[in-house]
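With these hints in hand, go ahead and build the complete structure from the sequences.
Under numbering that gives the first Met the number 0, the first residue of the first sequence is numbered 0, with each subsequent residue one higher.
To be clear, the hints were calculated from the coordinates, so they are not data collected in a lab. A few of these clues could be false.
Label-pair restraints from in silico Cβ distances [as the list claims (entries may be wrong)]:
| # | residue 1 | residue 2 | range |
| --- | --- | --- | --- |
| 1 | G314 | L138 | 35 to 43 Å |
| 2 | R48 | H183 | 39 to 47 Å |
| 3 | D319 | Q489 | 30 to 38 Å |
With a Cα cut of at most 27 Å, we get these calculated DSS-like pairs of lysine-lysine [unchecked claim]:
| # | residue 1 | residue 2 |
| --- | --- | --- |
| 4 | K561 | K247 |
| 5 | K372 | K247 |
| 6 | K561 | K372 |
Cβ atoms here follow ideal geometry from the backbone N, Cα and C, with glycine treated the same way.
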Amino acid sequence: MYQLVSEVGPDTVAVTGLDAAGSPLGLPRTLTLREFRIFVVDSEPAGPRWVWEDTARIYPKLLRHEIRVQRCHDLRLCHVILRNSALTAHSDIGRGAPGPFDEVLSLDRPEGTGPALFELMDVGTSDAAASTGLLDEFLLQLRAVSGSEQPGRIRLLLAAESAGALIAAEMTHAGLPWRSDIHHDLLTRELGARVAPGTRPERLEGLASRVRLELGDALLNPDSSTELLRALQRAGLAVTSTRAWALKDLSHPVIEPLLLYKKLSRLLTANGWTWMEAWTSAGRFRPEYLPGGVVTGRWAARGGGALQLPKQIRGAVVADPGWKLVVADAAQLEPRILAALSADLSMAAAGRGTDLYAGIVASGVVETRDHAKVAMLGAMYGATTGESGRLLPRLAAAYPRAIALTETAARAGERGESVTTRLGRSSPPPSAAWHATQAKAYDSGATAGDESRARSQARDWGRFTRNFVVQGSAAEWALCWMAEIRRELQTLHAVRDGFATAPHLVFFLHDEVIVHTPEGLADRVESIIVEAAATAGRLLFGDFPVDFMLTTATVDNYAAAK
DNA sequence: TGTGAACGCGCG
DNA sequence: AAAGCGCGCGTTCACA
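So, in structure tokens, the structure goes:
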């Protein structure tokens, strides 16, 4: 049922079989990684769940030893969920004093460095003690789940979160196919020939000179927002910021070269040659993903800006010869999630078999797709002004259940309460400073300033909780989608096949995945991805009739996907 | 010389 | 004045 794995040395693990209740079936066995590899291959047909402290810490090492597992339970990630979830608030984990699992150790330490959690547990460092520390935590987690009001949901969430951790490590291991030669050519074409770091390539320097000339300031550093703002104001432009959107509609000869300078300067500093050498090697981009890195349950990434990969350079993501990239993104994911969360049949119907925003237009709610989109985003983000604010009443009239859900979440946040996603991830409580500001507004001596500060801060938190429910539930859908894709991809090839021969996930961006696959399997991969979206919808929302539509493309390079 | 805030911009 | 959510990262700039 379960196999509890603890690291007891650089190349050894202790493994203990557990029954469904978490009771040990024997004593821990200490195995070298070579032995463990054989053990895993022999055990996998029985479908065990491998329980360990921290996937980000142990699994990269296993992958380097060609060890892959189907399922795991990540104690670190699951602890965070159970500790905060309203569904397990009455469990020992929910109520207990902070322990070693409340430290966010692995977020700050690269893989394989620093002590394992059990070493901080003050239980001794023998193999048995290491296993005992993890087992105690696992038992607490099992009890928290079984004692929850919604054990099915929280159990699915823990499984999905853990699957995500496996996928993240596997994606880093496999890497995103990257053609440095194409990247280099693109940089050279856009910026000019490569020059030493700290200096500007020819084309960029030319643009900087034009900006200086048009603003009559020969010493201006266009990278300094302070200097730039003063120079723009001296030139007679009524601006208070140098952001591109604030400049784009102004009529002045400096604007065109300045906006181009900003665009290219960003390319150079964020994804130029320095980035290429730091983050790509041997034809792969290997970012480090951080599952659970965002409070809502979205992933974050560290180094290389994996989740900000600009469209500008996606042409460098190219399938290997004889392979294809299957790119899929969930169309209008968050509004569909909102429709299902709120059981709003009208909104679900608007998205059935079609672009959801187009469906809103077809229902006569608003006139254009752009209006439908800006109104929906405004409803989910809490916009009150501008076009979005003006359109909101029409949306509320057409989709009262959906809009009521967002409003209810916002009001809860304004009162300082937490909100919970579909599967049971709860928002963090506001800080002590937040409560202090609220309390101050109710003091007898409160000033108008105290009151408006408190109101504004309450609304800020309301916008956060309003969005938390939708963004967090969408993240859960995406994790289930990806876990299903991963599981089904493995039916396409023998279990022993590695990343060099079998289709595998190589990229994930909130509501979008890329699978790298041998050309001949691309059609079947695409079907798997589409079917997995429907499965994820059923896992979260049962029979509620909401479509999760995808845009899919089988391409040679990522830029061709959109 | 190091540190952290502010700014700006990339992604969803 | 405030102003729609969530992130990471590079640069500048003020300050210890």
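Now the hints, each set against the structure:
Judged by the Cβ atoms, the range 35 to 43 Å given for G314 and L138 is violated: they are separated by roughly 51 Å. The supplied range of 39 to 47 Å is met by R48 and H183, whose beta-carbon atoms lie about 45 Å from each other. Judged by the Cβ atoms, the range 30 to 38 Å given for D319 and Q489 is violated: they are separated by roughly 20 Å. Taking the CA atoms of K561 and K247, the gap is about 25 Å. The hint holds against a cut of 27 Å.
Our distance criterion of 27 Å between C-alpha atoms is met by K372 and K247, whose separation comes to about 23 Å. Of the pairs offered as hints, the one joining K561 and K372 holds, with about 19 Å between alpha carbons and a cut-off of 27 Å not exceeded.
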